[in-house]
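Visitor: Okay, here's what each chain looks like letter by letter:
Number of protein chains: 4
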Amino acid sequence: MKNVFGNNITVTLFGESHGEQIGAVLDGIAPGIEIDMEFICKQLELRKPQGKISTQRVETDEPHIVSGVFEGKTTGTPICILFENSNTKSKDYSKTKNLMRPGHADFTAIEKYHGFADYRGGGHFSGRITTPIVAVGAILIKALQNKGIYIGSHIQKCGPIKDRGFEDYASDIAELNNKIFPVLDKKAAEEMHGLMVSAAEEGDSVGGVLETVVTGIPSGVGEPWFDSMESMLAHALFSVPAVKGVEFGEGFHFADMKGSEANDAFEVKDGKVVTKTNHNGGINGGITNGMPIRFQTVVKPTASIYKKQETVNIETMENEILQIHGRHDPAIIPRARVVVDSMTAIVLADMLAVRFGTDWLLGEN
Amino acid sequence: MKNVFGNNITVTLFGESHGEQIGAVLDGIAPGIEIDMEFICKQLELRKPQGKISTQRVETDEPHIVSGVFEGKTTGTPICILFENSNTKSKDYSKTKNLMRPGHADFTAIEKYHGFADYRGGGHFSGRITTPIVAVGAILIKALQNKGIYIGSHIQKCGPIKDRGFEDYASDIAELNNKIFPVLDKKAAEEMHGLMVSAAEEGDSVGGVLETVVTGIPSGVGEPWFDSMESMLAHALFSVPAVKGVEFGEGFHFADMKGSEANDAFEVKDGKVVTKTNHNGGINGGITNGMPIRFQTVVKPTASIYKKQETVNIETMENEILQIHGRHDPAIIPRARVVVDSMTAIVLADMLAVRFGTDWLLGEN
Amino acid sequence: MKNVFGNNITVTLFGESHGEQIGAVLDGIAPGIEIDMEFICKQLELRKPQGKISTQRVETDEPHIVSGVFEGKTTGTPICILFENSNTKSKDYSKTKNLMRPGHADFTAIEKYHGFADYRGGGHFSGRITTPIVAVGAILIKALQNKGIYIGSHIQKCGPIKDRGFEDYASDIAELNNKIFPVLDKKAAEEMHGLMVSAAEEGDSVGGVLETVVTGIPSGVGEPWFDSMESMLAHALFSVPAVKGVEFGEGFHFADMKGSEANDAFEVKDGKVVTKTNHNGGINGGITNGMPIRFQTVVKPTASIYKKQETVNIETMENEILQIHGRHDPAIIPRARVVVDSMTAIVLADMLAVRFGTDWLLGEN
Amino acid sequence: MKNVFGNNITVTLFGESHGEQIGAVLDGIAPGIEIDMEFICKQLELRKPQGKISTQRVETDEPHIVSGVFEGKTTGTPICILFENSNTKSKDYSKTKNLMRPGHADFTAIEKYHGFADYRGGGHFSGRITTPIVAVGAILIKALQNKGIYIGSHIQKCGPIKDRGFEDYASDIAELNNKIFPVLDKKAAEEMHGLMVSAAEEGDSVGGVLETVVTGIPSGVGEPWFDSMESMLAHALFSVPAVKGVEFGEGFHFADMKGSEANDAFEVKDGKVVTKTNHNGGINGGITNGMPIRFQTVVKPTASIYKKQETVNIETMENEILQIHGRHDPAIIPRARVVVDSMTAIVLADMLAVRFGTDWLLGEN
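Protein chains in written order, with this note's numbering: chain A, 1 to 365; chain B, 1 to 365; chain C, 1 to 365; chain D, 1 to 365.
Read the hints as simulated data drawn from the structure, not as lab findings.
Be aware that a few hints might be false.
Since the list gives no way to pick out one identical chain from another, each pair is judged satisfied if it fits inside one copy or across any two copies.
Said to hold, decoys possible - Straight-line alpha carbon distances no greater than 20 Å define the calculated EDC-like cross-link-like pairs of lysine to aspartate or glutamate that follow:
id : residue 1 : residue 2
1  : LYS42     : ASP61
2  : LYS307    : ASP256
3  : LYS48     : ASP36
4  : LYS307    : ASP204
5  : LYS97     : GLU71
6  : LYS258    : GLU201
7  : LYS276    : GLU320
8  : LYS186    : GLU318
9  : LYS97     : GLU267
10 : LYS269    : GLU318
11 : LYS147    : GLU20
When you get a sec, could you build the whole thing from the sequences and use the hints?
Guide: What follows is the structure, given as structure tokens:
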């Protein structure tokens, strides 16, 4: 499918950067789940542009739930969440619409939609369309927390700067979920922020790697072969603009390991089977083993930069020089974090519903 | 879905390592496509164990097409391909079935299937189940070649050893597709082979990274957001056992790049829009841009090693020491190559059919 | 899936009778299709309550397209159409919410959604939710007409009264599509209307049968076995509330026919293969044969009647007598017509896109 | 999808009448379900040609399970069931292959598959392909019975002859499931059989209506709007060749009823909510209400008849007279019964798995 994802729980996405409204429909969620508007807004806050390292486009980003919620709880029927695009500038895009921005979907959109797509601000390909994903994700993140499942991500690496790894999952995740700039180590945070500011000053941008951890997920979840837990998570994550790589556990580092190092030994602990290490990121054979799920996602540098770039004019078919104006984030990774968490929640909720039925989220923990 | 993948063209997978037969059903392929049994067998040959670095289980791996092909051509109806499991040893698995092999799906299969799964030789999770994927993939690889689309992969990296990159796509791909050990540089090939042999001697195993290139793919293919080209490829690739990471273009290296380095400048060349570099791996916004698709897949070290490993006995719930016998590949990456190529072909054929209809493969190039 | 339908073109539905907004998302439609708001409104008019035989709830039913349309044409990205529920009465439902209305989904909604569903006015099960289906359908009906494909339905039968059959497809379809009360024969129309009025006077309701015809559909469309043209049409039609039967061609009358009567003889006419009769409704083996598609849909009598009915109080679990107040249609079949036409258009557009690709609707006829 | 059906439990179908093997893959079934080969064979027996009213093609129809079953129980992984086409006559089809048989898919297959389809004996469209559906259905019918869910069908009507209705569901269903000729009333059975024999003597064929009942289904099952219980059942039933109509409860008879007659009054009985009548066939708003599901399916007269028929030669594009030889059933409805029961079981098992998770069939009743 195109803008629909999921098996038992589905998300349908719609909207353009400069269209009237954007939104998502969440279908299949169990009835009786409390809707915490404050939490949804808090999550949306994490996606918002921040200070020097962010675009100045300020949307109120007020989520508007128009269906599927009754007396503060999910009804079990589709939840449609809308956002007004109140802050779309009346800027004239007609001058630049034929100049294909490198790193963006301008050119491929023309190849696919024959020039009928809304080109203003990236149209349907704009990062703005992740807003409803965050809102939908917030509902599921909260519902999963009520079942003892917690999701947390930090910027593991940005340029040469690395954050410390997770130490205590519970407290680290709690800390991250309250941080606008999701870095565990204070000094690393400062350095990363500095790197972003200096990239901004150069009219350039930087990328980075997010590390995500999920705790409390039951074992036995995943639908191999094709709907393995890794397949489904990667499917959703690669839908996020700017994501160009996903790896589980040791990921690409496995290429440097021996089998004796890579395998996670099992042991019995408190009457339960656990692994002594977690190189495989909590997933064996595409199915959760009860250990924390752990994966990394690379976010490429923001495609919109101020430096002059070579490109083509798609109408005249001539080479031209493009200079992008307006304001753009020198790094979207701080804001991408909550999108990744949201996509993770969508996949987990769906996989749990496939495994345990549509009511699982409603049940007692 | 579980063992079904695809939208317009689907693959259904079945079988266990020591069951009677394994196979796949390929549905939705255009009618009139020639079936080249020799090519299918050649592809299967690439998946077979080889010499010192491979298990001694030798299957004849004779593909048996029982439907969907008439007078040597596809009919347009489902193609079922079967393989006999002729060489399943009568070995007694009952002694070891309760010892969970680290890095394998033994434990997660018990958590999911409540102990009813066929545990012999990894059952449905065995790498052997990739055999029908290769057969199905071969049909599609050949059909795509007839449309000018070529797929090739090499071992980019194994431990510390690196292959040279692609130089001339056409000749490099042709060369790789005829090589059992898919490495471009002769010296790198020898060193990688040496590393695998020495790992075998230590009773250990190694992993590696495959780099895959697809040339000739039309622009405008991909169904954002959720069925982006990256999403669909990653979905399929993460279904392959031992794959733990997938990245497109520069992938995780994007974390070290500036936007000005990461963006691929456009230019007009021979009246066509191309990019000067291809850091984004031929995909922008989830849609192909007409440049070669390029991605890397990490294959973890073979989970079956001879070194003693700590594990649990799932019946007694006691810690035990496991020593795996029999023969196993110290590296499965040489054999994983054709599985990755096959999965790639499955995704591309499906995405092309979604975009251009069920007859596209049949049409004139 | 639940509120998502389709393969290449999908429709996602959301909303409740007394919720804030209702709507649908149409995804996968070709770019460049002109949006004729006047036509959409005209189609919505056909769904609206009419005079004596309809409920007095009057919604303005103004469609609000918030995405996927740019400069009056489809962009190829998801179209979200919204409707405000402006006219939801402040009526107190709390008195009757525990009385399960016979023939409605009140009780089954409680069994499925555990009492969390929005019970006001039937909630998500209200016929009102067909409004966005009609809007989405209108876009597709118009696009199909531009490809020479026409859909028309009439009330074939209501109680003992029968309409005449189709004579000249083109003119009959054109006539029906301009009629609020879709009956071909004037006298039959008057009698049916009289029957509905007299049912209303008795506080009762009546059902009927719609006959639908599609002309201009290419041959070779349908994806047997499971996505046969009949399967997909029936799937969509049985999603419409009150539809309890669907039959193709002679349908249930086939039980009274001999094979020699039922088979449609082929002949060559103007260099084309056609059938002399069309007992099979234009479909053989689940695939269109190029003749008009013809099917009948039965619509049960409106479940909301004024006569006293026996029922239970779901809270007290005691038998009670229910008397429904407010105003309701004594027959919904005149309004169901455009919903059936819309569902038909959705299925056809999807099946054509699966067969011929996402751009088919855009192409030259 | 094409030859794949279902959401949580899927069936993939393959094979041609005169191909090597036909079969199906059942995926998603709970692990630990006992496989009763005797029961599967008994069900297959119900599909076999019988005496004077059936074709003489006798297949041994021996089901061959090659995966997904271990130590007599389902493993939870895909079950592939194969059947050899041992009895394919070496008859020369080349003479008649260009003569399109009226009522068959010969012509539409050419329109869809461009003449590449296997035309021998109807190829993939042959009724023979229902054999694996019956085998897969048998596994699920048995598993559903273990959960207290029973399915039974009888020929309600054949030409002018009518069977009596269901009286005691339990004993009637048990009786039918042991009858080759599924008619409850002995005299009606004789008359129907007589009608079929006399149609055979005339070189003609007859159709009929099957009535199906399902008891023991829990309430709250069904996924409105689009995967309503009626939508899913109809989708599957219309995949069966020769099925041209499906109606639930009173079905087309609703057109002659008043709302006061059509609505099923609720009452409390033994502490449970039940309906006093069951005109709606156990389904309200697309969701089961706990009453027996009841529907009717019309099976058109066998398309293969001996009488001369007008048709076209698709190669010469000239009108010709066709006379079909070989032996064919004058009525397939007695054999279609078990196919309808099987499809019903597939849909119910899938819908129950979507609602309650993949393990539901395994659980305690």
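Visitor: For every hint, state whether the structure bears it out.
Guide: Evaluation of the provided hints:
Taking the shortest alpha-carbon separations for LYS42 and ASP61, only the intra-copy value of 11 Å comes in at or below 20 Å, while the best inter-copy value is 35 Å. In this assembly of identical chains, LYS307 and ASP256 lie within 20 Å of each other by CA distance solely across copies; the values are 18 Å between and 37 Å within a copy. When the C-alpha separation of LYS48 and ASP36 is checked against a cutoff of 20 Å, the pair qualifies only within one copy, where the shortest distance is 19 Å, while the shortest distance between copies is 37 Å. For the identical chains of this complex, LYS307 and ASP204 are intra-copy neighbours only, at 7 Å inside a copy versus 50 Å across copies, given an alpha-carbon limit of 20 Å.
In this assembly of identical chains, the alpha carbons of LYS97 and GLU71 lie at most 20 Å apart only when taken from different copies (14 Å versus 46 Å within one copy). Within a single copy, LYS258 and GLU201 get their C-alpha atoms only as close as 44 Å, which misses the 20 Å cut-off; across copies the closest is 13 Å, which meets it. For the identical chains of this complex, LYS276 and GLU320 are inter-copy neighbours only, at 13 Å across copies versus 57 Å inside a copy, given an alpha-carbon limit of 20 Å. In this assembly of identical chains, LYS186 and GLU318 lie within 20 Å of each other by CA distance neither inside one copy nor across copies; the values are 48 Å within and 43 Å between.
Taking the shortest Cα distances, LYS97 and GLU267 sit within 20 Å of each other only across copies (16 Å), while inside one copy they are farther apart (60 Å). For a Cα distance limit of 20 Å, the shortest separation of LYS269 from GLU318 across copies, 10 Å, qualifies, whereas the shortest one inside one copy, 67 Å, does not. Taking identical chains as interchangeable, the C-alpha atoms of LYS147 and GLU20 are never at most 20 Å apart, the minima being 36 Å within one chain and 30 Å between chains.
Violated hints, in rising order: 8, 11; the structure is consistent with all others.
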